[in-house]
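Protein chains in written order, with our numbering: chain A, 1133 to 1344; chain B, 20 to 1029.
Hints are computed from structural coordinates only; laboratory data are not their basis.
Check each hint, because a few of them may be wrong.
The calculated DSSO-like cross-link candidates involving lysine-lysine, where the alpha carbons are at most 27 angstroms apart (straight line), are [said to hold, decoys possible]: (1) B:211 / A:1267; (2) A:1290 / B:211; (3) B:211 / A:1269; (4) B:170 / B:71.
Okay, the calculated beta carbon distance ranges per label pair [to be verified]: (5) B:730 / A:1300: 19 to 27 angstroms; (6) A:1144 / B:619: 32 to 40 angstroms; (7) A:1156 / B:111: 39 to 47 angstroms; (8) B:250 / A:1147: 52 to 60 angstroms; (9) B:507 / A:1340: 45 to 53 angstroms; (10) B:610 / A:1232: 57 to 65 angstroms; (11) A:1295 / B:209: 25 to 33 angstroms; (12) A:1295 / B:111: 36 to 44 angstroms; (13) A:1232 / B:209: 39 to 47 angstroms; (14) A:1144 / B:817: 24 to 32 angstroms; (15) A:1298 / B:927: 36 to 44 angstroms; (16) A:1295 / B:529: 51 to 59 angstroms.
In this text, a Cβ means the ideal position worked out from N, Cα and C, and glycines have one as well.
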Amino acid sequence: MLNSTTTNISEFSPVMQSPLHPFGLTSKQEKVNDGKGVWANEIPLLGYISLRGNSQNAAFVNAVNSALNVALPTQACSMSYTAWGSILWLSPDEWLITCKRDQRASLQGALETALADIHSQVVDNSGGYTTVLLKGKNASEVLHHCTVYDLNMLQAGKVVGTTFGKLNFYLHQHEDGYYLVFRRSFADYIWRYLERSALPYGFGIAQLNDGL
Amino acid sequence: MSNRISHKNSRVDLNRPLTFTFDGQSYQGFAGDTLASALLANGVKVVARSFKYGRPRGIIGSGAEEPNALVQIDVGARTTPDLKATQVELYDGLVAGRTSGWPSLAFDLKSVGGKFSRFMPAGFYYKTFKWPTKLWPFYEDIIRRAAGYGKSPIEADTETYDHQHHHVDLLVVGGGATGLLAALLAGRSGLKVLLVDDQSELGGYLLSMPNILIGGVSASTWSANIINELQSLPNVSTLSRTTAFALHDMNMIQAVELLQDHLPHAARNNAQRRERLHRIRASKVVLATGAFERPLVFGNNDLPGIMTASALTTYLNRYGVACGKNAVIMTSNDLVYQGAVDLAEAGITVTIVDTREQINPEWAAKTNQLGIKVYVGYGISEAVGSGAVQGVQLVKLGSLKNVVTAKGPYVPCDVLASSGGLSPTVHLFCHDGGRPQWDDARLAFVVSANGRAKDGIFCVGAITGVFALQEGLAKTHDTIAELLTGLGKTINASGLVLETDEIAVTPARRIFNVPDGKDGYGAKAFVDFQNDVAVTDIHLAVRENYRSIEHIKRYTALGFGTDQGKLSNVNGFAIAAEALGKTIPEVGTTTYRPAYTPVSFGALAGAHVGDSFEPRRYTAVQTTHERYGAEFEPVGQWMRPWYFPKPGEDIHAAVNRECLATRNSVGMLDASTLGKIDIRGKDVREFLNRIYANAWSQLAVGKCRYGLMLDEAGMVMDDGVTACISDTHFLMTTTSGGAARVMTWLEKWHQTEWPELEVYMTSVTDHWTTAALVGPKSREVLAKLCTDIDLSKEAFKFMDWRDGKVAGVPARVFRISFSGELAYEVNVDASYGDYIWNELMKAGKEFDITPYGTETMHVLRAEKGFIIVGQDTDGSVTPFDLDMAWAVGMKKPYSFLGKRSLARSDTSRTDRKQLVGLLPEDPNVVLKEGAQLINSSDITPPVAMLGHVTSSYHSAFLGRSIAMGFVIDGIKRRDEEGNNIVYAWAEGKAVKVKIVSYVFVDAEGARHNA
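Isolated chain A, as found in the complex (with noise of 0.2 angstroms):
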């Protein structure tokens, strides 16, 4: 070991940023009223796990049940809200598992654990994504500026992988709004985009706790 320093862990103190941090949203946000057609805000620093397996593999879905407390979606585009977090089916060998921050290192050790012996991946992507939520009485129309994708086709319980301008983003639907998961780097086009298409409709920044 160097010893030129000694550096007591204590002294420091992390900080987290979102992706959308550079955006100064919780400054911004407001009570949603009906002033406005559209709302949206970040749900910033949620736990994101990147999970791969064969689902066709009883053994790799009973133990992903068994690790989750919860069934794997494996019908394409299916979804499942679970109590900490959610489970988005991309692919037919991939899905996106979110939850409190907090949560994810317990989640991730649950799965390692029970899928050591079992041809998959578990990894932790929690730096690598982020979501926000859009809503108001608006918030179809602007969707509809930013993707193709046929929202009378998005049921609740159903996520999709599609084009946001010229990004792309997974949604689902859940309560009356709409739930947008994108890469951190891509967090500057898409909120920059979503201002841009949701200026007629007139835009706010949700209060956190208001229903969001």
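Starting from the known structure of chain A, fit chain B onto it as the hints suggest.
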């Protein structure tokens, strides 16, 4: 207001006067007017000068077909060139300008040339300006100045545009009688219906014929009832001022909606768009696009005051404008008669010149009753007038052939209209490959109602050649019934009575070009007004042996321009057919392509402008980079710090400083953009063996290795360092721009060729922030923040990685180097990216830690002789060409991608272009990247090109310029004293260069192993 009349069904509100200007003069119009109707109401006849001859021109049509009345609307940033006055809705304060006529509309210099028009035939430019070749730039300048109409705005557009996607069961294009009926019948069945119409209000031609009775009520009441019911249906939406301009495969229709241009400036909403591009994906499409009336072609038919008969009727009934007091209408058919009756009833003197031998007895009775004089069997050989039509010369026509049999009377008039029949608006039907058929009975190119039903495209109304309203409505019912049956639905037409009080139609005369008996030496008869194409031009093209209508079009310019020949094409095809001695179907049509009408660039761009034009991907450290004053450059879609100038520094000064600080103390690079792929499974080593050129079976846990990825042709496609996390777990890095391509590449080979290999891969590019801590002091900086990794050179060697905590955050530290210096790449969850960067900066303060960007990174790596894929390679470079045989494992038991191609005779020969280092003789000369390398400074042709410079920099560390480049047989020449001199040729100078090893700094590796 000389021509305005109060008309009970007019859509113009005489209680709401508006003021506008045209060509600098102020006029009054009314709400509901178009610019064209307001100009006609004010008696303005000349609105333009013609393209080639500068002839005075007036308004001919009443919609998208207008060829002449191109105007410049508004000024400054909002100015829009070449709008058709017939489509511009009037608002208070509208400023319109002319787009042709110089120095003025009253006198155009081009008209002087027009007197010599005999000498400006079709193909004039090709013939006259062809020789001498070197004068072409001069000719081009003159032609460009003479051509064109309005002026593009030169100020930035202050307004916004967007796109909106729609998914509907049925799209109806056209809101006329049949379109409305189609939408209603489909809407009643529950289909999700969207109706788009280009006018300011629905109704189509019913707005021009409001007195006709449908089901016992007036047309205006009938359409109002249908519109009301449509609005009450939640599954039906309508868009007015929306032009469907393109129909693509799979029934994707693009339509542009004008949202604000009809409003006075004060009423416009800054938060609203000026235009919206609708992208509509429709399971079924109903084209109810109607038809345009085709004028007859005759001498001086371009005089102001001459228009189509339907336009004359439209201006009267819809806008309350009598375009004259004394009208002559020439026709080949019955369609003009209702309008003529309406005009006469409005007090206008009307004379009809009917080219037919016999006319409809019912219309004969009606016209007789109203005192309308009808010349039967006559045509107009020539219009007469100076600046505007003042009268017409009639000729008696042959009964069987279109020839002059006798001279007829002269009839004075102040407005002249003609109808040669209708040309269906088949454009959208044809955009994705459909073709119209010539219907000899209806004298029109038509499409069949269900001819493209298998594509989901149905057609109703005039587009199908059904020009009578009652028949059109009945057939619309049947077509929609067929459409609904196909969807398992039944039609509900309850309460809809579709009988009309129309007079039954009698046959039309087949005539396009009215003969004048002068065999081509009479007055000019124009086919295409916008491009000044006369009948004689088409005849000339045929005489000069143009045989295909597509060639005749291009030689004469028939059908070009902003109107795309909506009035002229069919006349042109017919006249060409006659000259060619062919039938019209044999000649066929030219190709209808999108866009149906001009679309603004703003609408096409939508919200893809400014900072949302192209995705800009940022790392988690972006705000800190900005705080340090970074300049950025795009790498793929990433925005990477390029260099960090201090006040007063240019890029060279900044890069020199950053390079020296890094080599002498410590620098830091944000390497987060590198692609990162997590790969797991028991076969991961074998998978990497096949994907990479080098071997991965023996790489120990805790170690990293550089790899070259080849394509099937054996050419380098990507490179990067991959770390062995465990025997079943590797972390691959790729180039920043190549990450997605590599990810797809891995999945493709795994899924299609090697599914038996147990591996999964996941992109973790965005998860990690990577801070590359580079330079001799990097260990000391890291040690201040990290105590749980033994950083000693014995314990943590070059090309090792370790897990630990850095500044209290879990981190994976790689001891790898893209500079040749001692270096650590610190990877943390990107949520902590900005935090870790700032902690490292603080820790490095005592060593004057220097953030650096991609430019310094390039210099440092070139000093060390590291390649950049895409800069030093171009898809035609093998590892051997790069002198990197050490990165190829030819002995691996299973083949790897590209291996077989490396054995091809061309890839395995030893005298290919090879990458070498280049040292200019003058150390102060930095070679141009891309400069050709040649053997001698003598550039007398032929000069053999040996290769080119791929990377070139000034190296502050070495105090001189360095470069890399490809030279034929370069590796051999490098080591041959006397054969190692080449010249770099660029910008007129040859620079003497010595071929050397491309490792300029620390060939033995003492620095990175420190």
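The hints, checked one at a time:
{"no.": "1", "hint": "B:211 / A:1267", "in the structure": "holds (24 angstroms)"}
{"no.": "2", "hint": "A:1290 / B:211", "in the structure": "holds (22 angstroms)"}
{"no.": "3", "hint": "B:211 / A:1269", "in the structure": "holds (20 angstroms)"}
{"no.": "4", "hint": "B:170 / B:71", "in the structure": "holds (18 angstroms)"}
{"no.": "5", "hint": "B:730 / A:1300: 19 to 27 angstroms", "in the structure": "holds (25 angstroms)"}
{"no.": "6", "hint": "A:1144 / B:619: 32 to 40 angstroms", "in the structure": "violated (55 angstroms)"}
{"no.": "7", "hint": "A:1156 / B:111: 39 to 47 angstroms", "in the structure": "holds (42 angstroms)"}
{"no.": "8", "hint": "B:250 / A:1147: 52 to 60 angstroms", "in the structure": "holds (55 angstroms)"}
{"no.": "9", "hint": "B:507 / A:1340: 45 to 53 angstroms", "in the structure": "holds (47 angstroms)"}
{"no.": "10", "hint": "B:610 / A:1232: 57 to 65 angstroms", "in the structure": "holds (60 angstroms)"}
{"no.": "11", "hint": "A:1295 / B:209: 25 to 33 angstroms", "in the structure": "holds (30 angstroms)"}
{"no.": "12", "hint": "A:1295 / B:111: 36 to 44 angstroms", "in the structure": "holds (42 angstroms)"}
{"no.": "13", "hint": "A:1232 / B:209: 39 to 47 angstroms", "in the structure": "holds (44 angstroms)"}
{"no.": "14", "hint": "A:1144 / B:817: 24 to 32 angstroms", "in the structure": "holds (28 angstroms)"}
{"no.": "15", "hint": "A:1298 / B:927: 36 to 44 angstroms", "in the structure": "holds (42 angstroms)"}
{"no.": "16", "hint": "A:1295 / B:529: 51 to 59 angstroms", "in the structure": "holds (52 angstroms)"}
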